[in-house]
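There are 2 protein chains.
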Amino acid sequence: MRVEIWSDINCPWCYIGKARFERALERFPHREAVEVVHRSFELDPRAPQEARPVVPLIAAKYGLGLEQAEAAEQRIADNAEAEGLAYLRSGRDAANSFDMHRLLHFAAEHGRQAELLDALYRANFAEERSAFAPGRLAELAVEAGLDGAEAARVLADPDAYAEAVREDEATASAMGATGVPFFVLDRRLGVSGAQPTETFTAALEQAWGSRTVVPLVAVGTDENGGGDGGSDTGSDTGSDTGEVCGPDGCAVPQR
Amino acid sequence: MRVEIWSDINCPWCYIGKARFERALERFPHREAVEVVHRSFELDPRAPQEARPVVPLIAAKYGLGLEQAEAAEQRIADNAEAEGLAYLRSGRDAANSFDMHRLLHFAAEHGRQAELLDALYRANFAEERSAFAPGRLAELAVEAGLDGAEAARVLADPDAYAEAVREDEATASAMGATGVPFFVLDRRLGVSGAQPTETFTAALEQAWGSRTVVPLVAVGTDENGGGDGGSDTGSDTGSDTGEVCGPDGCAVPQR
Numbered sequence: 037m038r039v040e041i042w043s044d045i046n047c048p049w050c051y052i053g054k055a056r057f058e059r060a061l062e063r064f065p066h067r068e069a070v071e072v073v074h075r076s077f078e079l080d081p082r083a084p085q086e087a088r089p090v091v092p093l094i095a096a097k098y099g100l101g102l103e104q105a106e107a108a109e110q111r112i113a114d115n116a117e118a119e120g121l122a123y124l125r126s127g128r129d130a131a132n133s134f135d136m137h138r139l140l141h142f143a144a145e146h147g148r149q150a151e152l153l154d155a156l157y158r159a160n161f162a163e164e165r166s167a168f169a170p171g172r173l174a175e176l177a178v179e180a181g182l183d184g185a186e187a188a189r190v191l192a193d194p195d196a197y198a199e200a201v202r203e204d205e206a207t208a209s210a211m212g213a214t215g216v217p218f219f220v221l222d223r224r225l226g227v228s229g230a231q232p233t234e235t236f237t238a239a240l241e242q243a244w245g246s247r248t249v250v251p252l253v254a255v256g257t258d259e260n261g262g263g264d265g266g267s268d269t270g271s272d273t274g275s276d277t278g279e280v281c282g283p284d285g286c287a288v289p290q291r
Numbered sequence: 037m038r039v040e041i042w043s044d045i046n047c048p049w050c051y052i053g054k055a056r057f058e059r060a061l062e063r064f065p066h067r068e069a070v071e072v073v074h075r076s077f078e079l080d081p082r083a084p085q086e087a088r089p090v091v092p093l094i095a096a097k098y099g100l101g102l103e104q105a106e107a108a109e110q111r112i113a114d115n116a117e118a119e120g121l122a123y124l125r126s127g128r129d130a131a132n133s134f135d136m137h138r139l140l141h142f143a144a145e146h147g148r149q150a151e152l153l154d155a156l157y158r159a160n161f162a163e164e165r166s167a168f169a170p171g172r173l174a175e176l177a178v179e180a181g182l183d184g185a186e187a188a189r190v191l192a193d194p195d196a197y198a199e200a201v202r203e204d205e206a207t208a209s210a211m212g213a214t215g216v217p218f219f220v221l222d223r224r225l226g227v228s229g230a231q232p233t234e235t236f237t238a239a240l241e242q243a244w245g246s247r248t249v250v251p252l253v254a255v256g257t258d259e260n261g262g263g264d265g266g267s268d269t270g271s272d273t274g275s276d277t278g279e280v281c282g283p284d285g286c287a288v289p290q291r
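Going line by line, the protein sequences match chains A and B. Sequential numbering from 37 applies to the first sequence in our numbering. Sequential numbering from 37 applies to the second sequence in our numbering.
Okay, chain A solo, but in the shape it has when bound:
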């Protein structure tokens, strides 16, 4: 079973929701059979590259005073800590996350996406030093087990994995996701937001229970390669074969 999680690294509810989902996954009896994939979703594709302190950004976004914005950030921090997550109580910043998403797609190709995602969240939410400091992403890539020189090349080329990021975002949009985190189980069940762990447990159970229900477009034919398989495509190739090999051998074509 595959769980895709659309997230942004700038999104505290993604950080918190991921922890809640992971708690559900830890308790899920079939957890070994669950693959988790990060999908890209930029909250603000027009955000500048330079990091800015988060509290004034919150204030500007909601039309709040700085004190109220600070209180909001502290309540989010409380929620994170309630999940056992480290959270930088002051000085957190934010910037454009496009490069992080590109790097996560590069990491996926090398089997290191989960490690890099954890490193990025930790750097962005829990560490004094900004995740957006010069050179920091390449360092985090190395911490995640990636080749530093290769990662630097990916970061230096703005087109590298850009299409993969945009494709993820287009899919989220087509699914109607307007915010993150957004969880999709085997493309048959969705969960929106940092839901309680119990909701993730229910979703995992529901998706698992229905995971083998897959209708066939066209059924394979008998061992003679003829039979009644017949595709539903209205194909006019004259071929209705769907030959298989099974425990008793392979279909043997008559022609």
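These aren't lab readings, by the way, just hints derived from the structure by calculation. One or more hints might be untrue.
Heads up, the list lumps identical chains together, so a pair's fine if it works in one copy or across two of them.
[Unchecked claim] Think about it this way: if two alpha-carbon atoms lie no more than 20 angstroms apart in a straight line, the pair counts; the simulated SDA-like pairs of lysine to any residue are:
| # | residue 1 | residue 2 |
| --- | --- | --- |
| 1 | 97 | 82 |
| 2 | 97 | 284 |
| 3 | 97 | 282 |
| 4 | 97 | 214 |
| 5 | 97 | 86 |
| 6 | 97 | 289 |
| 7 | 97 | 84 |
Take the given structure of chain A and dock chain B to it, following the hints.
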């Protein structure tokens, strides 16, 4: 969109069906958004490690004379060549494929599964030298861009990735697959056997058209973190939050 293909490397219809599917994929307008994953399916888990010539195996399996078995193998070769595939007209052999499947899971972790699968098919169906010759798998791993020493370690440890192979096989069995190739598109549509390219095209179009239809287990709440989200889990945690961050900012918890 993700297409999972259950196959065995010993299975000529898997080799042929893969080519037919790939032709459909090449012509598919959204091909860049399609990820293809190999899934393991051993036709004969009890096959010996030592390679044996294929024609006598076919004869024994079907109770055919050697000449008839040879003719059957030639007809399969004709079908392969009709798809533009190289096929060894004589001397093809077969053996246990468990190690190949384990190695394919290792390759997946390193982003080299497609390359290794192609190398294995080529070695098994098109090359004079047996894919089962001593040391050949480690060589093919290197040709596919994997680290040779790491691949050798995986091959030397019979438990490495064994669980992943068995999990794939259990999933195929739960889906009712009794033969391969078996194609599953986004876990919502299946194609059994080496169907004509047109059938794969129809399946890709059908799965693409329905790919964004994902019901939600629980809908995210409004920006105040309250709202009417409500999970369907009967949770008694007292929390009905499903907080999200969106283009307009993040949910701010009241507590």
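Hints, one by one, checked against the model:
1. In this homomeric assembly, residue 97 and residue 82 come within 20 angstroms of each other (Cα to Cα) only inside a single copy, at 14 angstroms, whereas the closest approach across copies is 64 angstroms.
2. When the C-alpha separation of residue 97 and residue 284 is checked against a cutoff of 20 angstroms, the pair qualifies only between copies, where the shortest distance is 7 angstroms, while the shortest distance within a copy is 66 angstroms.
3. Taking CA atoms no more than 20 angstroms apart as the test, residue 97 paired with residue 282 passes between copies only; the shortest distance there is 11 angstroms, against 61 angstroms inside one copy.
4. In the homo-oligomer, the alpha carbons of residue 97 and residue 214 lie at most 20 angstroms apart inside one protomer (17 angstroms), although the nearest pairing across protomers, at 57 angstroms, exceeds that limit.
5. Proximity of residue 97 and residue 86 under a CA criterion of 20 angstroms is satisfied intra-copy only: 18 angstroms inside one chain copy versus 68 angstroms between copies.
6. Taking CA atoms no more than 20 angstroms apart as the test, residue 97 paired with residue 289 passes between copies only; the shortest distance there is 16 angstroms, against 67 angstroms inside one copy.
7. When the C-alpha separation of residue 97 and residue 84 is checked against a cutoff of 20 angstroms, the pair qualifies only within one copy, where the shortest distance is 15 angstroms, while the shortest distance between copies is 67 angstroms.
Checked against the numbered hints listed earlier, the structure breaks none of them; every hint is satisfied.
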